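With the hints as constraints, model all of the structure from the sequences given.
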Amino acid sequence: MIARRTLLFGTLVAAGCASMRDPAPGMFRAGDGLSVQLDRVWSDFTPSGARKLRLLSQNGPALDRLYLAGGLTHGEGMTNRPKDRAAFDATAGGEVLASFVAANVDALGFTPPTLSSVRPAPFGAVTGQRLDIATSTGDGLAFTGTALVARKESRVSVILFLAAHEHYFAAGLPAVEAIMASAALA
Amino acid sequence: MRRLIAVLALACATACATAPPPRPQLPPGGTIVVVEPDVKLALLAVNARSIDRPDWSAAAREHLARHARDRIAGGGRNAVSLLRAEASPQARQILLLHDAVRVSIRTADTADPAPPTLPRHRAWTLGAGARALAIGDATHALLISCDGDVTSALRGVFVVGAAAAGVQAPTGITRAAASLVDLRSGDIIWKNSIVARPDQDVRTPEGAHALLHALLDGAPL
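Sequences listed follow chains A and B, in order. Per my numbering, the first sequence starts with residue 1, numbered consecutively. Per my numbering, the second sequence starts with residue 187, numbered consecutively.
Derived by calculation from the structure, the hints in this document are not laboratory data. As the structure is a prediction and not an experimental result, all values here were calculated from the model. Quick reminder that beta carbons are idealized off the backbone N, C-alpha and C, glycines included. A couple of the hints might just be wrong.
One-sided excerpt, in silico: chain B residues whose CB lies under 10 Å from chain A [unchecked claim]: (1) ALA231; (2) ALA234; (3) ARG278; (4) LEU283; (5) ARG308; (6) TRP310.
What follows is a list of derived Cβ distance ranges for each label pair [claimed, not checked]: (7) A/HIS74 with B/ASP298: 23 to 31 Å; (8) A/ASN80 with B/ASP298: 23 to 31 Å; (9) A/GLY109 with B/GLY404: 31 to 39 Å; (10) B/PRO299 with A/ARG51: 37 to 45 Å; (11) B/ALA244 with A/ASP139: 14 to 22 Å; (12) B/PRO210 with A/PRO174: 23 to 31 Å; (13) A/ARG81 with B/GLY322: 49 to 57 Å; (14) A/VAL126 with B/ALA244: 53 to 61 Å; (15) A/ASP132 with B/PRO210: 33 to 41 Å.
Beyond 12 Å from chain A on every Cβ pair, some chain B residues (computed) [stated by the list, open to error]: (16) ILE280; (17) ARG288; (18) THR311; (19) ALA348; (20) ASP385; (21) ALA396.
So this is what it looks like as structure tokens:
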């Protein structure tokens, strides 16, 4: 049956994004201390009320989403009221970063994800973690993702790309790889 | 003179930016997969509650599928049916992807201002995986969806009464959309969406025929 929840989500997101200024090519800052280089125009679907997070998309959030979260502090997450592991625990070690991302993918409305290939990766001048993600929407549309997450001092930053497994993840990945390679943390 | 040239250039650029894409052509003959229409109808009760009516949905699904096959056959092509319950897991993913693409199409069609990467006439695709919808030597697939609320008689009375009192109360509407997909590339080569008129009640064969006639107006079938 038709993806009613997807339709509703898309409508809500579209309604919430109207006032945001869409990012142009060049340096783009997100949250507290995260900056990346964009090589093309993106559409901004950031939910109203989001403070340290931007949600960008090329084809609409029902198909692909690039989350940029910069400088989240203890207790903050990628949603407005994060719970449990979706809230950053600044007292924990670096081993919780992957589970922090997984919990936030879940909190963003996807099914609990499967993580793979968790490996060290540069995030600006610090070493973070890169991981691959398999999840799906509530309707069952398979999504593939990749994330770059790093902690600097007592703050965590995340670049998370999620897209429909069919066509859209592979189509969007090269631009996202370039964005991740350009990331800098202040 | 320079100003005139600039105005003409601007007018041309504006026209080029808003012009719909050229109408695609399908080769004569050939086979088109008619995916079982995705229909969900409900009754809009007097208290504005929406009550699912699977019986109406099933009837409309059957009427729309039959009229779509007839339309394709009338154009000298073969129509083969793909039932959603019998679709392969890969084909089901493509159908879900099409639903998601429709969400983005709706955003592109209705958002004001339109997001910069979602202009109204941009191209859309389901990717190479769309060939999972193919049956035999089919080259294209037609996907139809229809959903809406049918206003109950009591609700109708309430709406009229409310209007007399100067209060606007919503009535049910039915929307329908159609996409024609090239199964080799996955590209959506033609699409349309409409809001049903009162004479396009998809629960009846005649109404479904009228709606499909309007929905597929301009389709290269």
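Hint-by-hint comparison with the structure:
no.: 1; hint: ALA231; result: violated, 19 Å
no.: 2; hint: ALA234; result: violated, 18 Å
no.: 3; hint: ARG278; result: holds, 8 Å
no.: 4; hint: LEU283; result: holds, 5 Å
no.: 5; hint: ARG308; result: holds, 9 Å
no.: 6; hint: TRP310; result: holds, 8 Å
no.: 7; hint: A/HIS74 with B/ASP298: 23 to 31 Å; result: violated, 40 Å
no.: 8; hint: A/ASN80 with B/ASP298: 23 to 31 Å; result: holds, 26 Å
no.: 9; hint: A/GLY109 with B/GLY404: 31 to 39 Å; result: holds, 36 Å
no.: 10; hint: B/PRO299 with A/ARG51: 37 to 45 Å; result: violated, 24 Å
no.: 11; hint: B/ALA244 with A/ASP139: 14 to 22 Å; result: holds, 21 Å
no.: 12; hint: B/PRO210 with A/PRO174: 23 to 31 Å; result: holds, 29 Å
no.: 13; hint: A/ARG81 with B/GLY322: 49 to 57 Å; result: holds, 52 Å
no.: 14; hint: A/VAL126 with B/ALA244: 53 to 61 Å; result: holds, 58 Å
no.: 15; hint: A/ASP132 with B/PRO210: 33 to 41 Å; result: holds, 37 Å
no.: 16; hint: ILE280; result: violated, 7 Å
no.: 17; hint: ARG288; result: violated, 8 Å
no.: 18; hint: THR311; result: violated, 7 Å
no.: 19; hint: ALA348; result: holds, 26 Å
no.: 20; hint: ASP385; result: holds, 24 Å
no.: 21; hint: ALA396; result: holds, 22 Å
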